[in-house]
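Following the hints, complete the assembly by docking chains D, B and H onto the known chain V.
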Amino acid sequence: MPAGAAALEVESVSVSYGKLVAVESVTLSVGVGECVAVIGPNGHGKSSLVTAVAGLVRRGGTVRAFGETLPVGSPRAAVRAGLILVPERRHLYPELTTRDNIMLGSYSRTRRLRARQAWEDVSGVIDMFPELGRLLDQKAGTLSGGQQQMAALARAMAAAPRILLLDEPCLGLAEAVARRVYDWLGAMTETDMTILLVEENPAHAILVADRVVRMYKGLVERPEVSSA
Amino acid sequence: MSEPAATDRGTIESSAATGPAGPAAAAASPAGSPGAAAAHQVRRHDPVPLAAAVGITIIGGLVLAAMNGSYLGLTVTTGVGYAVVTTGMVLQLGYSRQLAFSQSVFMGVGAYGTGVLETKYGFNSAESLLAVIALATVVSLLIGAVVTRAPGLALALATLLLPLFIYQLATYSSWLGSFSGIDGVLPFWSGPSYESTLVRSGIISVLLLGLAAGLVLRVMRSGVGLQLMAMSEDERLGESIGVSLRQRRLEVFVLGSVLAAVGGAVLASAQGLVTPDVLSESAEITLLLMVFVPGRKSVAGAIIGAIVIEYLTTSTSFISTNLGIIEGIILLLILLVEPDGVAGAVARLLGRRTDRWAASLRSWSAARFRERGGRGARGGGNGARDAT
Amino acid sequence: MSEFLNLLAAGLTSGGIYGIFGACLAVWFRVCNVLNLAVGDFAMLGAIGTARLVQTDHLPFLAGIVVDLAAVGLIAWLFDRLVLHFAFDRGAGAHGIVGVFFYTFGLSLILEGAARAVFGTDVYGAPAIWSGPALAIADFHVQRAGVLVIALAIVSGLVLWAYLRFTVSGRAASACGESVLGSRIVGIDSALFRRRIFIVTAVLAALFGIVESPITGFTYLSGPTVSLIGVVAAGFAAFRRPGRAVVAGLVIGVAEAMLGGYVSTTYNDVLLYAALFGIIILRPEVLGLGAEPA
Amino acid sequence: METVPETPPEATGAAGIAGAGLTVPATAADPVVLACYGVTKSYGGVLAVDSVSLEVPRRGLFGLCGFNGAGKSTLFNLLAGSVRADSGSVRIDGRDATEWSAMRRARSGVARTWQTVRLAHGRTALDNVAAACLRDPGQWILGSLWRPQAAPARERAWAALESLGIGHLGARPVDGMTLEAQRLTELARALVGEPKVLLADEPASGLSATQRTVLAEALTTISADRAVVVVEHDLDMLTSISEHMWAMVEGRLAYSGDVETFRSSPVYAGLRGIEQG
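Residue numbers (our numbering), protein chains in the order written: chain V, 26 to 253; chain D, 368 to 755; chain B, 2 to 295; chain H, -18 to 258.
It is possible that part of the hints are untrue.
[Claimed, not checked] To give an idea of the chain B side of the interface with chain D (calculated C-beta under 10 Å), a few residues:
id	residue
1	G94
2	A95
3	V99
4	L112
5	G114
6	A116
7	S175
Keep in mind that the hints were calculated from the coordinates and are not lab data.
We put the beta carbon where it would ideally sit given N, CA and C, even for glycine.
Bound conformation, chain V alone (with noise of 0.2 Å):
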């Protein structure tokens, strides 16, 4: 689908631990309601892109989202500006209910409300992952993978995104559960939903990307238009 105005821009990120530069001046810019995959093997910086942009790792370079330009090493601001990371291996508070998991998806427009009240504002995202109802009470940590994966994923619709960064969401996934977190993400390109996705796998990229970029040692290579 043909990308309207820019959403995401990145300009020129670059990410160093120490000696060592993970990301190398990363440019690109997605359009939105545009879905990019970039591709690429591990190691090569692609987790770093995505957690700089989220503002979660200290950067050099500009990140703007919609315009307005995010500043560096604050994810507050980022999630303010409708920017959301699904991480890498999920990070859900292993000792709270898979409800509070999901509740606190919307603090950034809840904090100042009772859990109740929070909530009932978020509840709606169950619908997109019927098998977490059943589980909501449940401890998050005592989830399997998949369910995991599904409450994150819920966690983040909790946000209200307007851009969705997702770092390798099928990742240790069964091909049917991955395929069910696929045809979600299929369902999320066709809204104007903007999603910058992170996938080792580029079969499963090819699935929703409108656009692929394959990153090696840090640096982005030459975009190049997908079959999709």
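Just chains D, B and H, lined up with the frame of chain V:
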């Protein structure tokens, strides 16, 4: 975790692609240093522990002889007493990460044990030392059998409570001389004059320290040390590779406690008296600083740290009055700047040099790889069988 | 009967003390998995500081309290900025079980040293907030300060419990302790929670020191003992449940008083430590000590 | 495909738990080395593993697949002993190992790897592997004074690393290594003790396609003289290397048999999500 990949990707992928061609990759790769690995295996006898033991005894003995019974000599001997304790703590807290706060308690067992046995039952210093070691072993086995069942944080808290009531018991009990403690503890080895006694006892103390250091180093560098390394990182991992957590935890606890008791005995005989102070929280605090400031994994650091800190706390009145603030600030600085302590910083500086040394071994070892690496690829275990 | 009632009163008073410090430790541990071993020293600063301001500097009592609490809050803020910030936001320094104990432990050393240098070594007691003779109901006597102690303990325990139980912010605070990254990606500022709650508990502890000091009196060395009492109470409450910590504290206090009254006065707190020791060893999972904090 | 009784062959009269599992026919030539009979484990009311019975012959490569939460990892934990079963029995070499600790099971030849990398940071790959191959793992700590086993252990460790083609990384701290190198190091650590059975939990997760093929080769060679049970979501890889497949669905063993039949089984279709499209 995946980021550092960039550094040695070339190496690993070359080797992975060409499976068994480890040697080629090894010889080719600038970073991979099989030399060091091979060197490890060639050296079947590890000289370091013995060397350390002998070195400490000789140097320490000479230093004390040079001080010839001065007040400084007494301070150093006291420091040596603490050093024996901290050496044990390096194994227990530093290397095995068994965060137990019970050393001051066992220091007390050693000190009070010596005092009671010598003043009330007429033991001589040698007998009382052996008796104290036996006593500490039994007590630490009893306590350890209970506390080492608890996971990390629980163990720390349980042992955090120990000093409290032991201190109370000691101060309440008139048999242990309540607050004034026990006077008239014998020196290890008395001589004609006060000075000579101090020097001779000092030499015995240094000998004990040497033994302690040698023992700890030997254990840390042994196969058991490797097991301790694995379980201190991750206990689930430890048991999955056949480490008996219960056994190792208890052993480490007992070893640390017994060394603490020996240290206590050294203190008692150096000062000639025992006071409840050895049991107080502040004693435990000082011990922890003696270990954490120089670097909690370094035996040498712990020894030097113990002696230096003991010297500082006793020598200058400024430090001894403002001890709290100074200790606190140093502790925080160490924790923030260099968690591995001074030794960690030094090691990092020396690290580069050892790399160069390893590189010089590479070519030689690469040859060694070729003559035996070839069969490696056939079947996981076979290679291992050939190796032995 | 009267003896029993008076023991009960004394027990509830000391129990309130245990409980509140336990609650302070517990709520902060829940947020950042660090034990605040300096909590007792904040109480000490509260008591001694106020006493000095009122008695030697002749400030009005209320002003003295305000100034003192402000100072304590400032110290807490400084410590967070200068130490915790680097350790937990910049990822510098020691972590794991070492971090659990030693940062606040260092702070405690510094505060004691400073207190000794500034206030000397004598015993202080802040003036009583609610002065007057002990309240007597029939032959049941309880000091007014004691009543304040118990009331303050129960109230603050309830407030902390409700905060964690019912508010989004409270859940967010718990989330920080569960997963720092996980909380940051939804816009929860874990550092802010850590700092706020550290300061709040520090001030609360100081206030409690002021209220309590007329009963016991404080020296510059009172801190560690108080902190350990807090650790004990928090220990009975899995280190994460402030409400439970207060309840546990009250129970311990009463049990201790009864032991002291009917069994032996010398070893009653030995018995208390022994009780926690037993629980820690026999049922660590009950205390949520199954695994080390991340 | 024959059913295995819920109770060990010789344990007669024990009440069989409902729902028989399925397994490989163990011949006299290949006696069973590791087996579980009707093991059940539930977490907070959720039945993670539901009376599963299976027998692992002495050599060969066996695939275990299933949805997330089907109970594969829990089953591994039950077999390796890091989790106790609520009911059922585990047997190692025909001996009843139900009550054995993870340590004892490891020492009697059950090795495992985890989904996530578990290595001692700051230490070399060599030391990480060597820790797992002391000739006398239960040595008394002071025994190491006159018999420190480090040197021979490092010899074996180094050979094991060699055999997986990463001997040249032996002297390297594990922290700086690629995920692949770390996984291979863990594999070496699991193998260096000459285990009878290797339980590999998603050994290829996070690896690229080429790296997976390398790992697959390694696993195949390993399974030449021992039993290897692999949990893996990459069904193509798994079916290509395994000679026998187990599939778990909602805590139960839903399929057990050879690979061809598996490819045509409904379970396979379900895992592939074919019915979804």
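Hint by hint, here is what the structure shows:
no., hint, in the structure
1, G94, "4 Å, holds"
2, A95, "4 Å, holds"
3, V99, "7 Å, holds"
4, L112, "8 Å, holds"
5, G114, "3 Å, holds"
6, A116, "9 Å, holds"
7, S175, "18 Å, violated"
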